[in-house]
Amino acid sequence: MINLTINNIPVTVEEGTTILAAARKLNIRIPTLCYHEDLCIAGNCRVCVVEQVGMRTLQASCAVPVRENMQILTNSMKVRQARKNIIELLLSEHNADCTKCYKNGNCELQDLANEYRTGNQMYLDLVPEKHFTIDQSSPSIMKDDSKCIRCQRCVRTCAELQGVNALAVANKGHEMKISSFYDKPMHEVVCTNCGQCINRCPTGALVERNYLDEVWNAIYDPSKHVAVQTAPAVRVALGEELGFDPGERVTGKMVAALRRLGFNSVLDTDFTADLTIMEEGTELLTRLKKALVDNDEKVAIPMTTSCSPGWIKFIEHTFPEYLPNVSTCKSPQQMFGALVKTYYAQRKNINPKDIVSVSIMPCTAKKYEAQRPEMRDSGYQDVDYVLTTRELAIMIKQAGIEFMKLEDEEYDRFMGDSTGAAVIFGATGGVMEAALRTAWEIVTGKEVPFENLNITPVRGMEGIKEASVTIAGTKPEWSFLEGVELKCAIAHGLANARELMQAVKDGKAVYHFIEVMACPGGCLGGGGQPIPTNPEIRQKRAEAIYAEDEGMPIRKSHENPEVAQIYQEFLGEPLGHKSHELLHTHYKARKRY
Amino acid sequence: MESNKLSRVDYIFRPESNRIDLIKKIMSKDKDDFILELIDSGLKGRGGAGFLTGLKWKLAKEAQGDKKYVICNADEGEPGTFKDREILDRVAGKVLTGMALCGYIVGANEGFIYLRAEYRFLAPKLQQMMDAMNQELKTAGLDFTLALRFGSGAYVCGEETALIESMEGKRGEPRNKPPFPVTDGYLGKPTVVNNVETFVNTVIIAEIGYQEYKKLGTDSSRGMKLFSISGDCAKEGIFELELGMSLADFVEEFGDGDTKAVQVGGASGFCVPRKKFKETIIGFEGIPTGGSMKIFNSSRSMYNVLHNYLDFFQEESCGQCTPCRVGCQQLLKGIMAVKRRERPATYLDELVKLAETMRYASKCGLGQSVGNAFVSIVENFREEIVY
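Residue numbers (numbering that gives the first Met the number 0), protein chains in the order written: chain X, 0 to 592; chain W, 0 to 386.
These aren't lab readings, by the way, just hints derived from the structure by calculation.
It is possible that part of the hints are untrue.
As the list claims (entries may be wrong) - Listed next, the stretches of chain W that the computed footprint assigns to chain X, with coverage defined by at least 3 CB atoms under 8 Å from CB atoms of chain X:
| hint | stretch |
| --- | --- |
| 1 | 197–206 |
| 2 | 312–325 |
| 3 | 356–364 |
Claimed, not checked - From the structure, some residues in chain X lie toward chain W, with a derived Cβ separation under 8 Å:
| hint | residue |
| --- | --- |
| 4 | I40 |
| 5 | G42 |
| 6 | N43 |
| 7 | C44 |
| 8 | V48 |
| 9 | T56 |
| 10 | L57 |
| 11 | A59 |
| 12 | A62 |
| 13 | Q70 |
| 14 | Q80 |
| 15 | I85 |
| 16 | G118 |
| 17 | M121 |
| 18 | R149 |
| 19 | K171 |
Note that the Cβ used here is the ideal one computed from N, Cα and C, for glycine as well.
Turn these sequences into a full structure, and let the hints guide you.
Spelled out as structure tokens, the structure:
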């Protein structure tokens, strides 16, 4: 243990603790900008500098570990002067057009400027001479270099958490900037549209491409039927934008708010999450049968999930040789989109051309996914607009809805039914757990052999999880699986996905089924979720998701009555002709550059 | 304080004695004894920062690591410095010997010369010498091999941790310190990074003994130093002088009789005006220098001099930390604005405060030293900046 004083208050902390962490222990807040709990230390913004008595230079408290008898001052004259200067320098390089900025009110630089009362700009404005342009090429992400403060959080996110490296530092000195490969537009590079960079950008340099006006206009148009679907992870995070603490489930209030916003039908992506399990589970069992019984060498095992559009774009760029291994199932969002303009339209007797299909997602990659040319199986663009959790919160605020005071409401009775299995899609390991709950029962006729259906080995925040279960007590038609040890792996965050796929490629790991979610923690930590998102908040959202699951009367996808109904009335059977037409898709190998 | 120290010496370019004999002599000694001698000699790093070389070797020797490395910093980029080029051209063997000694002492078996991109013309000869040296060392029973690495033209890569990043194939950006290279250097292993001239000095100490070496220089600045002398001078070029001379004596010897100021230590050093020549000692007790001495006579505009330095820095900052990246731009644009009357002369006072912030809060030596030239020129030649 190390003893030191901070602002003359003694504190004892473990060796290796940074000055910043030691100060937090004393409830002394040191401002930071480039620091983020999810990322390695950069120490480059210098906002967190503190004075170490006896040292000539100031120390970056995020980067410097404590030493015995250190005397730290966090608010000395020297520190204050330097910190204020640094904030003013950042502002001089920043397009401080705050009132017109999309991030107005949720900007860490703005907060600091406010705290330090920088007032009238002291230094020369460096922005005009740099002739920045805004990159709006991506359907998911907007990049405005004039607001960039070069903290490199996005670069570290893209490299460390995601292993994508779409963003990198280019040039040096006054020309240093965050750039893409050869400075190409974002839609032409390896970007997976995951939006994790957006979630960590302290300013408005990286924001989602918003579709607020388009959605409002659709709502205002009396000739349109606007159907909205909401992803599982939205309900456990939306509250954070609207006054609740992290981890609060606001499903009922969200449904009520959506009705008040004017959506004509309020539906649940959970319904197609359950459908995904039926299709994907059947696909897995079919692949296993081909491999084990038919000895078909062409069948691609392991099968990987396909729900996460960031993962899809990643594998298309990075491991294109493994595209046959990806489940052909569309993501729940896209299954929903295809069904809304077919099944739903028929049942409700609405001309599909008049339906505007909107989805609320924790995700920015879904915006890109909705615009993929293959996602038009209904004859129209299946999902017209995708809004993030953050955008929905903006709409709720714009409409003057007092969210906290809303009475809970239920989803529509048609395509609004959900199970606990669908809800846990929002957490890493959730698809795996949901799939196992159903597949096990299909094969054995019994419930999975885990207490209270909670398959705990696949849960948790470890980067790569492995689980295996030996199949026993099969029904006669599945007897070829008797005694088979089903090996599963789960990765979240694309850097982990890369590691896992590399192990598979190198033959170091053998699995039957792999779940990958592009974002850390799964969708609950998605790029479209409230800012900030950090390990602690992800944990709270995960707890909320599992609590939601436990509270559901039905917790297995195949028991969703609407799922049974749609097969009976519309689809026929899993992997049937109609399913193939509407619920399955194909992928495209893409180059790295 | 002695002030008539301006004596020329000739150790560095003197022909080399038999290097293998020298290495064997050191190998017959106790390693810790040699480190103590090196510390006792008072040798401080010749790159400009002035860390005790013996202490650096001691720390690296004590550091735990299955591999250790020796790196010779030949990324000589400080404006007005050109002495390392001369060393590598004329007595590179001494550099290689110094590196081998270091490798032996600290327990490293690989050494690299990180050569400035612009010095590539030296590479064929260096490579040849290294190949020969590798053979000789093998024969002598010392497990140490030398190799060349190249910079790509960034000034900041002369900063040792940026240099290491660059060697690792990454963007040349300084690291957070601590940890320092002696414990976490190249590839995370204990690494000694010394300047070209420093390695030569270690060889000289091994040759003549630390007691003889100590007779040169002053208490705080032991030994001799190569000076790269340029500008408005009667004599220009590279001169080996004892440390501890007064700037007045220096100007007397090298100036053109009309010297207005001397920039000691290059763009990152200090500008000394005529009225302070007498009291200024060149050495760690006064103004240290990596070797650059630029002499300006009365025909020079100090505004232009400062503009030139700041233009250099705003370009050569790696750009990662705020004080340096934005600060350099603000200082440059700031003096231009004052010159153009777009800001009052008092704006210079704000800029001096900013320069202080850069000095305290920048991540590495580059940003921390921009203020040296800025403050010393603005304080001593304010009227030239304003009018």
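Hint by hint, here is what the structure shows:
1. A stretch counts as covered by a chain when three or more of its residues have a beta carbon under 8 Å from one of that chain; for the stretch 197–206 of chain W and chain X the count is 0, and the coverage is violated.
2. Coverage of the stretch 312–325 of chain W by chain X holds in this model, with 13 residues showing a Cβ closer than 8 Å to a Cβ of that chain against a need of three.
3. Counting residues of the stretch 356–364 of chain W whose CB falls under 8 Å from any CB of chain X gives 6; the rule of at least 3 is met.
4. A least Cβ separation of about 6 Å between I40 (chain X) and chain W falls short of the 8 Å threshold, and the interface hint therefore holds.
5. For G42 (chain X), the shortest C-beta to C-beta distance to chain W is roughly 4 Å, which falls under 8 Å, so the interface hint holds.
6. This hint holds: N43 (chain X) has a C-beta 4 Å from the nearest C-beta of chain W, less than the 8 Å allowed.
7. Here the hint on C44 (chain X) is kept, as its CB sits about 5 Å from the closest CB of chain W, short of 8 Å.
8. The criterion of a C-beta within 8 Å of any C-beta in chain W is met by V48 (chain X), whose closest approach is roughly 5 Å, and the hint holds.
9. Because the smallest distance between the Cβ of T56 (chain X) and any Cβ of chain W comes to about 5 Å, under 8 Å, the interface hint for this residue holds.
10. Because the closest C-beta pair between L57 (chain X) and chain W is about 5 Å apart, less than 8 Å, the hint holds.
11. Proximity of A59 (chain X) to chain W holds as hinted, the smallest CB-CB distance being about 7 Å (cut-off 8 Å).
12. Against a cut-off of 8 Å between C-beta atoms, the interface hint on A62 (chain X) holds, since the closest Cβ of chain W lies about 4 Å away.
13. About 17 Å separates the beta-carbon of Q70 (chain X) from the nearest beta-carbon of chain W, more than 8 Å, and the hint is not met.
14. Because the beta carbon of Q80 (chain X) sits about 6 Å from the nearest beta carbon in chain W, less than 8 Å, this interface hint is met.
15. Restraint check, I85 (chain X) versus chain W: the minimum CB separation of about 5 Å is within 8 Å; hint holds.
16. A distance limit of 8 Å between C-beta atoms decides the matter here; for G118 (chain X) the minimum to chain W is near 14 Å, and the interface restraint is violated.
17. Interface hint status for M121 (chain X): upheld, as the beta-carbon distance to the closest one in chain W is roughly 7 Å, under 8 Å.
18. The interface hint given for R149 (chain X) holds, since its Cβ lies 7 Å from the closest Cβ of chain W, which is under the 8 Å cut-off.
19. Annotation: interface hint on K171 (chain X) holds; nearest CB of chain W at approximately 5 Å, less than 8 Å.
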